[in-house]
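With the hints as extra help, turn the sequences into a complete structure.
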Amino acid sequence: MTTDKCTNVTEKCADTKENCDNMVDISISKDVLVIGAGSFGLEAAGKIAAQGYSVSVIGVKTACARQSGCTSKMLETGKVNIMQDVAIDSLAGVTGDFRATLIKNAGNGAEYSEKVEKVFGAIVVAPQYSYSTLNKKYGLTLNDKVVSQSQFEAMIADPESQKKILNGVNGNGSTVAFLTGFAQEGDPTSTSRVLTSALAVQNMENCNAYIYAGNVKVGAKGLERLFTQGRHAGVVCFKPSQMPTIEQNLNDGVNTVKITIKDPVVRTDVELTPDYVVVEEAVVVGQQNLDIASTLRIDTDLYGFLPSNNVHRFPAKSNRDGIFVVNNSLDAANAALKLKELIGNGIKRVAANKAKVDEDRCVICLTCYRSCPHGAIFWQNGAAAISPAACQGCGICASECPMDAIQLGDFTDDSLRTSIKDAVVSAKDNQKDGQPLIVAFCCKNSALEACEAATKFGHEMPQGFRMVKVPCAGKVDVEFIMKAFVEGADGVMVAACHEGNCKAERGNIYAKWRVNEIQKRLEKMGLEKNRLIFTTIASNMAKEFAGKVNAFAAAIK
Amino acid sequence: MNNQTKKVLILGGGIAGLTAAWELSRQNISVELVEKSCFLGGHAIGFTCKATDKCQQCGACSVEDMLKNVVNEPLINVHLRTEIKELKKSSQFNITLTKSDIELPDSQIKNLPSGKAAKGFSKYNNPLYVTESDKDKMGSSCEITADAVIVATGYSPFDPNRKSTYGYGKWKNVITGLDLENIIRENGSLVRPSDGQKPQKVAFIQCVGSRDERLGNLWCSEVCCPYAMRMAGTVKHDNPNAEITMFYIDIQNSGKEFPVFYEKIKQNIRFVRTIPVDIYPLENNGLELRHMAEEEGSPSSESFDLVVLSVGIMPGKDSSKLSAITGIPVNQDGFLDNEITCCSCSSSAKSTQTSQPITSSQSASSIAGLFVAGTAKGPAGIASSMADAGKTAFEAMKYLGVMK
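The listed protein sequences derive, respectively, from chains A and B. Sequential numbering from 1016 applies to the first sequence in the numbering used here. Sequential numbering from 616 applies to the second sequence in the numbering used here.
Keep in mind that the hints were calculated from the coordinates and are not lab data.
When the alpha-carbon atoms are kept at most 20 Å apart in a straight line, the in silico PhoX-like pairs for lysine-lysine are as follows:
| # | chain 1 | residue 1 | chain 2 | residue 2 |
| --- | --- | --- | --- | --- |
| 1 | B | Lys669 | A | Lys1527 |
| 2 | A | Lys1539 | A | Lys1527 |
| 3 | B | Lys851 | A | Lys1558 |
Right under this line is the structure:
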């Protein structure tokens, strides 16, 4: 099993022999916490428990999860414990050793609550979202004729209500209009629900379905076929460029809705007064999910959905090692895989010296704790400490620390100073007359790859160009940039990942700030600020990288 | 617990095959990764980064990452320019591999000082440059055994020649989305094939081959809308004066945060809901595109410097051959599909009773231990292919008893 563990860190081992000797075995708790007892939360719980880990699930089981029937089978294994009235109150610790405080009898106006602390090796969040009907955006009031998509689905599933639709007002069927894609963009799931319901209506005798859609979101398996099937069955789909004109009349016991659009083909108004109007629903984030995200210190996307929209996290990972997010069945399997890779048999071998805090210098100002994108920092013995398991070695904390108390194992400040000096010396040796001497700080995740590829592909760059490898642009200190100038660079470039693509989430943003600050200082000192630039690049942009270096060289010549 | 004795054969070295191989190797399972072309990475390794200053979540960099993982992993043994000839199941799978006679497309052949050679898109493609003589040496013809097989042979892009009125191959400045990716990878920005200049007026035509009932292609390719919109954003970022028009049926989502992305892109790009009729050449290699304008309700035409056809995801050209070799059935759309249809937790089971897949008799014959991942079984983007490959690796490990 030791060889197994070592493959997890082969990159390190291959780099330097010393690092291999500097490995430590840390123990990882084999208990896993799953937050959210919806169907995907339970699916993940089942898959994880099957690997021999014991799983605690907290949250209220949803109707869908109860129906799926997998819970009783799971409970028999004795490896899954579902606690419906428990919520997470706070979280300390790091991957492998999370300390969660759980509250019993949470919510529901419970009179007493009981807090327990429990250790977990990893955490899976399966967010549960609710629906809200978008009738207001259409100017509609809900009633027995104007219903939400969920309500309508319940109606056609219920024989009594279905009969009512079938009979219509005077025994000869109903007309049902579906409104979708005007109050929100919509997605394949909402489209699928509309298409399924519309087809069901159309298949009822004398009933007709009309769909008013913005964009028909058929971008998922089987939906274009379902859409075609509906049209062949007689479902009419209008796609006006704007929201239809909707007039709801509720006066004097009348209950009608008139929908009007301008048909672009026949160029006349098309009016419809359907018997039923079905309104689309939006998925709502809810305060509960935001609270969970902030308790766990994991990022959400723009709308509050988990996880953040960073391609490097996909699938199922969050910005914190050991915390996973499951939103569907694919995520559940992927989370189980990654969790097994993380926990293994409970012992993990990691590099011991990714980042170290000098306890004498640390004043516990919490700057590192706040700036660490991976939640890897905690405190012990009156100083900050960095978990070797959770640390990703980006170096943002080391650059931000006002006391210079943090050093990275692979990129110490001294070694970076040496790299800068060596880069300038080597550039001077090769520099051609009249060509500027350029030092580029290249993030190892993006710009370094692009730069190496540019060299390998033979894209031309100035002879006086040299790059300095950094673990993340977030580790490019003000001091290093100034040092490059002092050593004799004519121009300095800081090349980071694109915004939103940083493996350390915000390393590129820190770098950009620092570059802006130094540019201001250069200006004050009467120097040209364009001798320092910040740029973003991806690992596969070799040609663009060369282009940027050449353009920079031309600009500062 | 010694997984090392387990071995999985993966057919296809695109993003799905790479991801599956990597996930298997994480659990100490050895992998024979078979790729019929001379390079790893499939279609996706040729894709360009679609970031403006901000990442647009296209996932192209993930392919680069995964390729790097795989080529540095000793548990994964790569066979380039090799394909499957025969597969037999006893207690294990016995597979006969043969050297493929695949030729590199012209777009990947470059004239280098050392002579004619083919070029990969990534520095992790080994070998990076393939000379004609190297190519003759590449390829494995051998017999191997494996405990499970994952088919990740990917898709074939729609052949734009089947839409003859668009003049692909006749007019130089009518290109496909894949051509566009390659042009940007080669040049660092978008230039016209005819004169190497940056085009000012660019049109994207969506659903070329997808959502086409006449062709019998009743599926949305899922990737073209996100792809074209991101690409349009990149082109506009590189050349703010460019005027970009997208001709479409329905705009499909690009993933999380789509509404914000769409609102923003609408400010820069003109969207016209119609599918153009045909394209004619103009002087100076310009193009006239005729379409029925929805708003005006009458035929209209417009000239462009460059037209990009968003060709759809079609079943892999080899899928019927692979189906014959492996016994994995193809579904009604022609994609490989070995999943037994099960309707779990479906509230709409009643209303969908009429739409049963027609291959049920075949799926009964599917062999345990054979899995399909990625676009071999239907349209998917990079992120979805990776997630699917992870799940497929999980299923394969369950079959092997490595995962429970």
